[in-house]
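Peer 1: For the record, the sequence lines run as chains A and B. Residue numbers are given in the numbering used here: position 448 of the first sequence equals residue 448, and the series is strictly consecutive. Residue numbers are given in the numbering used here: position 187 of the second sequence equals residue 187, and the series is strictly consecutive.
Honestly, the hints are just simulated from the structure, not real lab data. All C-beta atoms in this analysis are idealised placements derived from N, C-alpha and C, irrespective of residue type, glycine included. Check before you lean on any hint, since a few could be wrong.
A short, non-exhaustive set of chain B residues, derived as facing chain A with CB atoms under 7 angstroms [to be verified]:
1) Gly139
2) Ile164
3) Val280
4) Asp284
5) Ala292
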Amino acid sequence: MALAPQPTQQGGARTAQTPTVPKGDQKRLLIDLLLTGLIASAIFGPIVGMNATAPQGGLVLEYRWAAVLWLVGIVVVGRLLLHLLVWNRPDWVKPIHIKRLGAGLAGLGLVSLLLGLFVVKAPWFDAAGVFGLIAGAWFYISSSNETAAERGAPSPLANAIEPLGKYVGVALLLIAIALPFIPGVDRRIVDLAILMLTYVMLGWGLNIVVGLAGLLDLGYVAFYAVGAYAYALLSTIYFPLWFGDGITPWAFWLVLPLAGLFAACWGLILGFPVLRLRGDYLAIVTLAFGEIIRLILINWYDFTGGPNGISDVPRPSFFGIPFTNDENGFAATFGLTYSPLQRIIFLYYVILMLALITNFVTMRLRKLPIGRAWEALREDEIACRSLGINTTNTKLTAFAIGAMFGGFAGSFFATRQGFVSPESFVFMESAIILAIVVLGGLGSQIGVVVAAIVVIGAFELFRELNFLKAIMWEGFDPTQYRMLAVGVAMVLIMRWRPRGLVTKRDPSIYLKEKKAVSADLVAQGHG
Amino acid sequence: MEYFLEQLINGITLGSIYGLIAIGYTMVYGIIGMINFAHGDIFMIGAMISLIAILALGLTASASFALLLLALILVLAIAMILASAFNWTVERVAYRPLRGSFRLAPLISAIGMSIVLQEFARIAQGGRPKPMQPLLSGGFELMHRTTEAGDFIVRISTIQIIVIVTTLALMALFTALITRTSLGRAQRSCEQDMKMASLLGIDVNKTISITFVMGASLAAVAGLMFFLRYGVIDFYIGFVAGVKAFTAAVLGGIGSIPGAMLGGLVIGLIEVFWSAYFSVEYKDVAAFAMLAVVLIFLPQGLLGKPEVEKV
Numbered sequence: 001m002a003l004a005p006q007p008t009q010q011g012g013a014r015t016a017q018t019p020t021v022p023k024g025d026q027k028r029l030l031i032d033l034l035l036t037g038l039i040a041s042a043i044f045g046p047i048v049g050m051n052a053t054a055p056q057g058g059l060v061l062e063y064r065w066a067a068v069l070w071l072v073g074i075v076v077v078g079r080l081l082l083h084l085l086v087w088n089r090p091d092w093v094k095p096i097h098i099k100r101l102g103a104g105l106a107g108l109g110l111v112s113l114l115l116g117l118f119v120v121k122a123p124w125f126d127a128a129g130v131f132g133l134i135a136g137a138w139f140y141i142s143s144s145n146e147t148a149a150e151r152g153a154p155s156p157l158a159n160a161i162e163p164l165g166k167y168v169g170v171a172l173l174l175i176a177i178a179l180p181f182i183p184g185v186d187r188r189i190v191d192l193a194i195l196m197l198t199y200v201m202l203g204w205g206l207n208i209v210v211g212l213a214g215l216l217d218l219g220y221v222a223f224y225a226v227g228a229y230a231y232a233l234l235s236t237i238y239f240p241l242w243f244g245d246g247i248t249p250w251a252f253w254l255v256l257p258l259a260g261l262f263a264a265c266w267g268l269i270l271g272f273p274v275l276r277l278r279g280d281y282l283a284i285v286t287l288a289f290g291e292i293i294r295l296i297l298i299n300w301y302d303f304t305g306g307p308n309g310i311s312d313v314p315r316p317s318f319f320g321i322p323f324t325n326d327e328n329g330f331a332a333t334f335g336l337t338y339s340p341l342q343r344i345i346f347l348y349y350v351i352l353m354l355a356l357i358t359n360f361v362t363m364r365l366r367k368l369p370i371g372r373a374w375e376a377l378r379e380d381e382i383a384c385r386s387l388g389i390n391t392t393n394t395k396l397t398a399f400a401i402g403a404m405f406g407g408f409a410g411s412f413f414a415t416r417q418g419f420v421s422p423e424s425f426v427f428m429e430s431a432i433i434l435a436i437v438v439l440g441g442l443g444s445q446i447g448v449v450v451a452a453i454v455v456i457g458a459f460e461l462f463r464e465l466n467f468l469k470a471i472m473w474e475g476f477d478p479t480q481y482r483m484l485a486v487g488v489a490m491v492l493i494m495r496w497r498p499r500g501l502v503t504k505r506d507p508s509i510y511l512k513e514k515k516a517v518s519a520d521l522v523a524q525g526h527g
Numbered sequence: 001m002e003y004f005l006e007q008l009i010n011g012i013t014l015g016s017i018y019g020l021i022a023i024g025y026t027m028v029y030g031i032i033g034m035i036n037f038a039h040g041d042i043f044m045i046g047a048m049i050s051l052i053a054i055l056a057l058g059l060t061a062s063a064s065f066a067l068l069l070l071a072l073i074l075v076l077a078i079a080m081i082l083a084s085a086f087n088w089t090v091e092r093v094a095y096r097p098l099r100g101s102f103r104l105a106p107l108i109s110a111i112g113m114s115i116v117l118q119e120f121a122r123i124a125q126g127g128r129p130k131p132m133q134p135l136l137s138g139g140f141e142l143m144h145r146t147t148e149a150g151d152f153i154v155r156i157s158t159i160q161i162i163v164i165v166t167t168l169a170l171m172a173l174f175t176a177l178i179t180r181t182s183l184g185r186a187q188r189s190c191e192q193d194m195k196m197a198s199l200l201g202i203d204v205n206k207t208i209s210i211t212f213v214m215g216a217s218l219a220a221v222a223g224l225m226f227f228l229r230y231g232v233i234d235f236y237i238g239f240v241a242g243v244k245a246f247t248a249a250v251l252g253g254i255g256s257i258p259g260a261m262l263g264g265l266v267i268g269l270i271e272v273f274w275s276a277y278f279s280v281e282y283k284d285v286a287a288f289a290m291l292a293v294v295l296i297f298l299p300q301g302l303l304g305k306p307e308v309e310k311v
C-alpha cells in the first residue's frame, strides 16, 4: 500500500534517471540514442505527424513530418547532451559546474529576453532568451543529483533569501496596496492584478484544506461555483422578488456572507461522507463531487440556466452607490470626474481585502487549537485520534472553512464578470488552483502568493509571446500552450522541488524561540 | 422485455470497454499503490491512434469483411504498441523518479501528466470531435416479435460481437499471463512486497514498466473498441471514461483483474440502464455518485481484500 522505497533506488533520483550506459561506451550510447529516437517517433509520429482533419466533412489525414522530425531531433539531442554533460560527464566536470552553467544560461537568457522585449525589439533576441532560460533551467534541474530527501532541503539561494522572508511579505503588501496609483499602471494591469488576487485567495482557501489539514481536495472549484451561483441567483432573481429592485446596489454586500455560508454548508455536506477516506481515494471522491456539482449546474435548466449560465449579474456598488456616469453615481457623489477605471480599482480593493481577510483568519486559526489539530491531523491521523482529538470535527471544519473562502471568491468572481456559466468551473480550474498551492509549497502562505503571480503571470505572458509567432511556423498561437505548460510544470515541480518554491514552514508552536522548519520535516498530504 | 434485452447488450458492450480500461488502473494500483490519473488519457491516445491508423490504411466500409477484420487486427496491434510507448514514457518521466517521495507527489504528477496528454492531443489533433462513418455495419437479429403495437426487434451488431469476443479473449490471455508465466509471478510478488521481491532478484523497475505497458495496451484495445462502437472521439473522452473505469476498478476490488472486469460490467450496465430508464443528462452524475458511494461504503470492493493499516 505504501510507496515503499526500493533498495535499488537508494541513490534516489540519480539511480532512477541514470541510464545503463557506462562511460566511454560509444556503442551503448548510440543504441540508447536510437531507442530514444524510436520512442520519441512512436510518441510524436502518429499524433503530431498525421492530423486527422475534416475540411469537407469526411476525415482526411494531413501530414506534418517536418514537425515530427524537429520534435524527435530535440528529444534525441537533449538526451545526448544529458549523457555528455550530466550522466556521463568527465571527472573534472562537477555537478556544481553544470548547475552554474544552467544558472548562467538562464541568466543570459533572461537578459536577452529583456533586451529583446524592451530595447532591441527583435524576435530573435526574445527567442534566444526563452530557449536560454529553458535550457538553463533544464541543466539546473538535471544536475541536481541529490536524493529525494535532499531535494526538499532549502537551496543556497533559498537560504540567502529566507531571512528576508518577512520583509518580502510586507513589501508585497505595500506594493499591493499602492498598485492602482503607481504611475504607468493602466486598466490591463489592474485587471491582471485582480485575477492574480482571486487565485491567491483561492489558493489560500485550498491551502487550509490541503496544506494545513493534509486533505487533498480535487473538487475545490465546486465551492467557487456555489459562491458564484449564490450571488448570481440571489441578486438577479430572488432578491428583486423578495425585496424589490431597490436592494440591487446592496446585493453584493448582502450576498457575500450568505455565499460564504452556503459554500461552508456545501463543504460540510461534501465533507461528511468522505470522513473515512484518505489520500488518493479522498482526492478522487472530491473530484467526483466537483464534477457532480458542475453537471447539475449544466442540467438543472430551470434553476441555473443550464449551459447558458446567468447573465446581467449586478455589478458591485460602492456600498450602495453605483459606479455610473450620472448624478447618483460614485464620481458625482464624491466630486470626481467619471472614469470606468474607478470601478475596476474598487473591485481591486475588494478582492485585496477579501484575500487579506483569508490570510489573517488562516494565520490566527493556526494559533488556535483547531489549527493545531489540523496540522496534527496532517502529520499523523492515527496518533491524532489516539491523543483524543476529534478528527471528525477537525476535518469538517477544515472543509467548511476552506469552502467558505472559495465561496467568497466565487461571489467576487460573479460580480466582476457579470456573468456565470458552468464553463468557468471545470476540473482544470481545480487543477490550476492545486498547481498554485503545490508550486508555492503546500502549507506556505507566502508561497501561494508567489506561485499565483508566477502562474497567472505566465498565463498572461503566453499572450505576449509574439516573437514566437515571428520565428515559429505560420499560425502559431502561444496561448494554445498554456495548459500544456501547467501540466509540464506540475510534473517538473514534483520531480525537482516536491516541497514547492518556498521550502520554509513556520512552526505553529515553539519553545522560547521561533526556528525555521524545513518543509521536508513537515508531513504533507498523508490525510 | 425486448428493450431490456437490447439495453443489456449495450450495457455489456460498454462495460467490456470500461473493464479493459479498469484493468490498467487496478494493476498499477495493485503494484505501486498509486492512481495512474493519466490512464484515461492513454485510452484516449489509443483511440486517437486507432483513428489515425484506420485513416492511414485507407479503410472504408466498402472493403470485404475478411479484409476489414485483418486490417483491424493490424490497427489494434499498432494502437497497442504506440499506446504502450506512451504509458512507458509517462511512467519513466513522471512516476519513477518520485518513488519514495511523499505520498501525494505521484498523484499530483499524474494529474499533471493527464493534462499534458490531453493538451498534447488537443494541440496536435485539434479540439473538435472527430466523427467517422461506421466501418462495420450489420448484425444479427436475436429476437423478432410482431405485435399490434409494432415490430419488436433485438439486434446485436457485428461491432458488439467483436467487442465482447475481443474482451473475453484478452481477459483469458491476461489471466493466463498473470497466473502462469514468470512475468506474472514477478508482478504478483511485487504486489505483495516490493522490497522482498527485489531482494529475491526481481527487477522491480522492469516489472513496474511492464505493468504500465500491459495496462496501456489494454486501454488501447478499449480505445479502438470505443471508436468502432461510437464512431466519434475527441481529446476529452479520456477524463470521464477514466473516472468511470477507476470506479469499476474500485468496485471490483482494487488489485483484482477479474474484479476490474466485473466492476466494468456493473458500471456499464448501470450507466446504460440509467440512461434508458431515467435520464440521459444525469448519466455521468450517476457514474460519479456511484464512485463516491463505492469508495465510501465499499472501499475493499466486491472481490478485493480489506485493507488493514498497521501502525
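Peer 1: Decide, hint by hint, whether the structure agrees.
Peer 2: Status of the hints after comparison with the structure:
no. : hint   : in the structure
1   : Gly139 : 24 angstroms, violated
2   : Ile164 : 27 angstroms, violated
3   : Val280 : 10 angstroms, violated
4   : Asp284 : 6 angstroms, holds
5   : Ala292 : 5 angstroms, holds
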